[in-house]
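A.B. asks: These are the residues of each chain, in order.
There are 2 protein chains.
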Amino acid sequence: MPELKKLPYSYNLREQYENINAYFVNGLDTIKKELILAQNNLVTTPNIKLCELKDNFSSTVVLDKPMDYDDYYQLLSSQILPYIVNVTSPKFIGHMTSVLPEFHYDLSKLISMLNQNMVKIETSKSLTFLEREALAMLHREFYRYPSEFYQEHAQNVISSLGIIVSGGTMANITALWVARNSAFPAAGTFQGIAEDGLCKAYEHYECKDGVILVSPLLHYSIEKAASILGIGKKQIHHIQITPSGTVDVRALRSQIVGCQKNRQRIIAIVGIAGSTENGSIDPLQEMAELAKEYGIYFHVDAAFGGPVIFSEKYKHLIDGIEFADSITLCGHKQLYLPIGISMCLFKCPSKAQTIWNTADYQASQESFDFGKSSPEGSRPAKSIYLHASLHVIGKNGYEYLINKGIENANYLKKIILSNSSFELVTNPTLNIVNYRYIPSKFRKQLFDGCISREENKQIDEVNVLLQTQQFENGKTFVSKTKVPSSKYTEEILTLRAVLANPLTTFQDIDSVIIDQLRIAEKMIERID
Amino acid sequence: MPELKKLPYSYNLREQYENINAYFVNGLDTIKKELILAQNNLVTTPNIKLCELKDNFSSTVVLDKPMDYDDYYQLLSSQILPYIVNVTSPKFIGHMTSVLPEFHYDLSKLISMLNQNMVKIETSKSLTFLEREALAMLHREFYRYPSEFYQEHAQNVISSLGIIVSGGTMANITALWVARNSAFPAAGTFQGIAEDGLCKAYEHYECKDGVILVSPLLHYSIEKAASILGIGKKQIHHIQITPSGTVDVRALRSQIVGCQKNRQRIIAIVGIAGSTENGSIDPLQEMAELAKEYGIYFHVDAAFGGPVIFSEKYKHLIDGIEFADSITLCGHKQLYLPIGISMCLFKCPSKAQTIWNTADYQASQESFDFGKSSPEGSRPAKSIYLHASLHVIGKNGYEYLINKGIENANYLKKIILSNSSFELVTNPTLNIVNYRYIPSKFRKQLFDGCISREENKQIDEVNVLLQTQQFENGKTFVSKTKVPSSKYTEEILTLRAVLANPLTTFQDIDSVIIDQLRIAEKMIERID
Numbered sequence: 010m011p012e013l014k015k016l017p018y019s020y021n022l023r024e025q026y027e028n029i030n031a032y033f034v035n036g037l038d039t040i041k042k043e044l045i046l047a048q049n050n051l052v053t054t055p056n057i058k059l060c061e062l063k064d065n066f067s068s069t070v071v072l073d074k075p076m077d078y079d080d081y082y083q084l085l086s087s088q089i090l091p092y093i094v095n096v097t098s099p100k101f102i103g104h105m106t107s108v109l110p111e112f113h114y115d116l117s118k119l120i121s122m123l124n125q126n127m128v129k130i131e132t133s134k135s136l137t138f139l140e141r142e143a144l145a146m147l148h149r150e151f152y153r154y155p156s157e158f159y160q161e162h163a164q165n166v167i168s169s170l171g172i173i174v175s176g177g178t179m180a181n182i183t184a185l186w187v188a189r190n191s192a193f194p195a196a197g198t199f200q201g202i203a204e205d206g207l208c209k210a211y212e213h214y215e216c217k218d219g220v221i222l223v224s225p226l227l228h229y230s231i232e233k234a235a236s237i238l239g240i241g242k243k244q245i246h247h248i249q250i251t252p253s254g255t256v257d258v259r260a261l262r263s264q265i266v267g268c269q270k271n272r273q274r275i276i277a278i279v280g281i282a283g284s285t286e287n288g289s290i291d292p293l294q295e296m297a298e299l300a301k302e303y304g305i306y307f308h309v310d311a312a313f314g315g316p317v318i319f320s321e322k323y324k325h326l327i328d329g330i331e332f333a334d335s336i337t338l339c340g341h342k343q344l345y346l347p348i349g350i351s352m353c354l355f356k357c358p359s360k361a362q363t364i365w366n367t368a369d370y371q372a373s374q375e376s377f378d379f380g381k382s383s384p385e386g387s388r389p390a391k392s393i394y395l396h397a398s399l400h401v402i403g404k405n406g407y408e409y410l411i412n413k414g415i416e417n418a419n420y421l422k423k424i425i426l427s428n429s430s431f432e433l434v435t436n437p438t439l440n441i442v443n444y445r446y447i448p449s450k451f452r453k454q455l456f457d458g459c460i461s462r463e464e465n466k467q468i469d470e471v472n473v474l475l476q477t478q479q480f481e482n483g484k485t486f487v488s489k490t491k492v493p494s495s496k497y498t499e500e501i502l503t504l505r506a507v508l509a510n511p512l513t514t515f516q517d518i519d520s521v522i523i524d525q526l527r528i529a530e531k532m533i534e535r536i537d
Numbered sequence: 010m011p012e013l014k015k016l017p018y019s020y021n022l023r024e025q026y027e028n029i030n031a032y033f034v035n036g037l038d039t040i041k042k043e044l045i046l047a048q049n050n051l052v053t054t055p056n057i058k059l060c061e062l063k064d065n066f067s068s069t070v071v072l073d074k075p076m077d078y079d080d081y082y083q084l085l086s087s088q089i090l091p092y093i094v095n096v097t098s099p100k101f102i103g104h105m106t107s108v109l110p111e112f113h114y115d116l117s118k119l120i121s122m123l124n125q126n127m128v129k130i131e132t133s134k135s136l137t138f139l140e141r142e143a144l145a146m147l148h149r150e151f152y153r154y155p156s157e158f159y160q161e162h163a164q165n166v167i168s169s170l171g172i173i174v175s176g177g178t179m180a181n182i183t184a185l186w187v188a189r190n191s192a193f194p195a196a197g198t199f200q201g202i203a204e205d206g207l208c209k210a211y212e213h214y215e216c217k218d219g220v221i222l223v224s225p226l227l228h229y230s231i232e233k234a235a236s237i238l239g240i241g242k243k244q245i246h247h248i249q250i251t252p253s254g255t256v257d258v259r260a261l262r263s264q265i266v267g268c269q270k271n272r273q274r275i276i277a278i279v280g281i282a283g284s285t286e287n288g289s290i291d292p293l294q295e296m297a298e299l300a301k302e303y304g305i306y307f308h309v310d311a312a313f314g315g316p317v318i319f320s321e322k323y324k325h326l327i328d329g330i331e332f333a334d335s336i337t338l339c340g341h342k343q344l345y346l347p348i349g350i351s352m353c354l355f356k357c358p359s360k361a362q363t364i365w366n367t368a369d370y371q372a373s374q375e376s377f378d379f380g381k382s383s384p385e386g387s388r389p390a391k392s393i394y395l396h397a398s399l400h401v402i403g404k405n406g407y408e409y410l411i412n413k414g415i416e417n418a419n420y421l422k423k424i425i426l427s428n429s430s431f432e433l434v435t436n437p438t439l440n441i442v443n444y445r446y447i448p449s450k451f452r453k454q455l456f457d458g459c460i461s462r463e464e465n466k467q468i469d470e471v472n473v474l475l476q477t478q479q480f481e482n483g484k485t486f487v488s489k490t491k492v493p494s495s496k497y498t499e500e501i502l503t504l505r506a507v508l509a510n511p512l513t514t515f516q517d518i519d520s521v522i523i524d525q526l527r528i529a530e531k532m533i534e535r536i537d
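Chains as they are written, first to last, in our numbering: chain A, 10 to 537; chain B, 10 to 537.
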């Protein structure tokens with residue numbers, strides 16, 4: 010591309026993007042060397058029923074005599090790995106897991122070799138500071154405090170700009186743990202929930218219940234949080250949503266007022282930035298304003314959508330996130346880290362102290378031991394993944410990845426809209442597309458806008474069949490889910506494409522759709 | 010060793026042990042190639058103050074332009090890795106983290122490459138069954154049900170023989186989450202804690218408090234559990250301990266009776282099998298009998314000591330563990346897996362259902378998706394580590410590792426007892442030795458058995474100094490802790506050696522002690 014050399018900035022940018030892409034291509038190539046599935050461009054080995062597969066895993070005796078590792082690896086690669094799922098395939102566009110940049114493979118090995126334990130500075134030393142640095146880098150992207158703030162807090166033993174945990178579920182649980190404890194602060198004879206427990210808190214504050222307000226599109230980790238934290242899932246109050254599927258702010262206000270009248274204390278308002286089902290983003294700015302007005306903790310679950318912050322083109326979609334008391338981010342989603350690292354950022358560096366567990370001696374207040382400030386204890390040095398990616402992918406690299414995903418989603422949307430066999434169910438905000446196959450006998454009703462509840466149920470069943478068969482065939486993959494739809498009164502079962510693999514081309518997307526049409530014709534239209 | 014060939018069984022055993030040892034030796038060799046610290050036989054780079062080190066980690070800006078990965082790796086290996094802690098050194102005998110068998114390094118890379126997400130069968134397939142198989146293997150070691158039991162439950166979608174989590178803290182939290190929910194089952198209008206919350210449970214059962222009974226030697230994850238679960242740390246009641254540091258069963262009985270009189274519901278009795286401080290093991294059998302008599306949930310925290318089950322010679326130490334409702338095990342401790350995988354086993358395959366989170370669609374009751382039955386959501390396929398080790402190390406291999414650790418601990422104990430500069434603080438049960446340096450001016454009092462509280466305080470300070478200086482010198486390492494002592498009324502600060510590295514020789518142990526004597530002479534005796 011010699012002509013590009015005349016435009017040095019764009020040239021560099023293009024070159025950088027090509028580099029980033031090359032990391033992913035190499036990642037895929039490495040898999041191909043190892044995995045027979047990938048060599049054959051399959052998503053999974055065809056025509057294996059789960060009920061048959063599971064029967065191969067019934068040797069429950071630990072043998073006295075060890076097996077040679079080479080023999081074990083042979084067993085693994087011949088009998089187990091052919092039956093995993095090739096999530097790295099560019100035609101696997103169904104879940105939030107895809108291919109990784111190649112350097113993470115080597116870092117995984119390195120992390121194992123170092124075997125550092127982040128629970129204590131005595132077993133991690135420089136990596137404790139590296140983790141704090143990586144968290145500060147992310148914090149800065151979202152909260153944009155001046156340099157002095159980060160000078161003061163990044164390596165300050167009593168500050169916590171964020172917490173690294175094993176996954177997004179733990180990040181949401183951690184945030185709501187902080188929110189719960191903050192909603193009932195120690196006062197008078199009440200020493201706080203950590204010491205006295207939840208019921209003493211309700212008693213002391215003469216409150217009937219603690220409540221979480223969130224859209225019905227919440228991730229189910231919020232329900233896990235309500236269960237583990239002792240709040241109870243019934244105390245998750247769904248906020249009404251608008252036809253576009255995001256929180257209705259007026260409804261939220263009246264719910265807040267309602268709770269207060271009812272002696273219910275709102276533990277947190279949760280905004281979603283990239284719902285699991287369809288990538289929708291709540292009106293964070295307006296939710297933040299309401300939370301501030303009523304003095305309520307505001308958490309944003311940006312597990313999926315958070316990295317949009319790196320895209321100059323799309324970052325406006327998550328405007329207002331900078332007002333969140335805490336933000337959940339998932340490493341293995343759009344940060345493209347290996348699974349097993351997520352983070353919860355805290356706007357205020359002292360906020361998370363409400364869940365610290367210090368002891369007289371171990372993990373004392375003055376020590377850098379993460380054991381005191383993390384919900385987890387022993388944990389590996391996965392923060393190297395984050396630190397590496399923030400350097401090696403960088404802002405431009407992440408921008409490229411985010412934009413590419415959205416571009417792919419828009420392409421799929423266009424295909425769906427132009428093909429009468431499919432219906433677009435929600436208009437994609439990010440890189441998730443919900444659509445469904447419409448059997449020929451319902452297409453007229455679809456065109457006339459008069460599909461009945463009973464007909465929708467039949468269409469649901471067809472799509473379940475289609476998705477199951479597609480997975481079993483093993484060539485391409487999308488997932489399925491249920492979403493509320495503005496067009497129908499009931500929830501609709503949809504196919505769900507997540508365009509997260511940067512190696513997915515328009516042609517790959519075509520293949521997925523062609524595969525679905527072929528399956529539908531063969532098995533569904535024929536049944537009728 | 011030709012003569013051994015005449016004794017085929019022992020020959021095989023010896024050969025197997027040599028193989029196991031070779032995996033660890035290769036592990037250490039691989040590190041040495043990579044890490045300058047290990048090449049120089051150092052525990053950590055000497056004379057680096059943490060406050061200086063942290064100043065190197067203050068670049069909190071994510072740069073637009075990505076850095077080349079080779080440059081990043083150069084930065085990592087030159088500026089960061091020299092300042093980690095070489096936990097693989099045979100002279101690092103201070104924490105529960107050490108060297109790994111080499112094959113885990115490659116498996117770490119493989120797990121990253123496969124990037125399987127255990128949250129759903131659609132992103133893990135055969136590995137879901139592999140995980141269930143590995144859990145069943147462990148379950149069988151502890152609970153010893155007949156084959157038919159494992160045939161029925163190992164791959165049964167509604168059974169859960171155990172849950173894989175990221176670490177021991179999460180395993181203890183998970184067990185106590187199950188215990189809490191089980192202690193207040195749904196009844197009448199009360200739909201259970203998961204739905205209705207903790208306070209409705211106390212109300213419904215007219216109970217004043219939920220209580221956890223555990224020895225004061227509890228791991229602090231139990232405190233984290235009491236905090237996150239809303240029980241409150243004050244509701245952890247310490248059971249009185251005997252002079253040997255384990256639970257006094259008579260005291261336990263009267264505490265149970267006391268709680269019941271006081272309208273306090275006991276959520277769980279927790280037994281410790283290998284305390285973090287000194288490896289002590291509670292009388293599990295008798296505790297189990299009491300728990301059964303009063304119908305109370307019995308959890309055993311065997312994070313450290315659990316793998317003793319593999320040793321014919323020492324398994325009797327944890328007799329009674331088979332009556333536990335749940336057992337915590339830590340992968341990175343004496344199972345020698347990379348950090349980041351622990352497990353909680355459940356005696357009864359339906360017990361853990363009380364914390365399941367099913368949804369209408371996602372993670373339905375009938376699906377194999379771990380998302381419904383694990384506290385965590387997305388998580389990596391680390392169960393491969395467990396599955397591999399159970400095969401490649403096997404029962405004999407683990408027996409060798411356990412026995413070797415205890416043998417090393419006994420050697421260290423002998424040295425301590427034979428040297429008047431040291432005092433043995435607790436008699437080791439497993440492979441943890443608590444001892445302390447006694448400055449010369451206190452040795453007569455030690456001999457006469459009349460060290461005062463004030464003198465103990467001074468000795469404490471000396472040992473803190475000694476341990477800190479030893480870490481700073483970087484050649485050898487033991488940790489420090491505080492333990493109750495039968496000899497003194499107050500808690501004693503002790504040096505704490507964990508003999509977990511199978512490559513640690515008697516000579517290495519000598520070196521650690523010589524290093525300490527040298528430091529003590531140089532800095533401590535001179536101060537006086």
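Rather than coming from a laboratory, the hints here were simulated on the basis of the structure.
Note that the coordinates shown come from a computational prediction; the quantities given were computed from them, not determined experimentally.
One thing to keep in mind: the hints can contain errors.
Heads up, the list lumps identical chains together, so a pair's fine if it works in one copy or across two of them.
Below, in silico cross-link-like pairs of lysine to aspartate or glutamate (EDC-like), each with a Cα-Cα straight-line distance of 20 Å or less [as the list claims (entries may be wrong)]:
#	residue 1	residue 2
1	484	43
2	422	517
3	301	61
4	404	79
5	58	375
6	322	73
7	453	24
8	74	27
9	356	331
10	531	157
11	360	416
12	413	73
13	41	115
14	450	470
15	413	161
A.B. asks: To test your reading of the hints: which numbers does this structure violate?
C.D. replies: Per hint list: 3, 7, 10, 11 and 15 violated.
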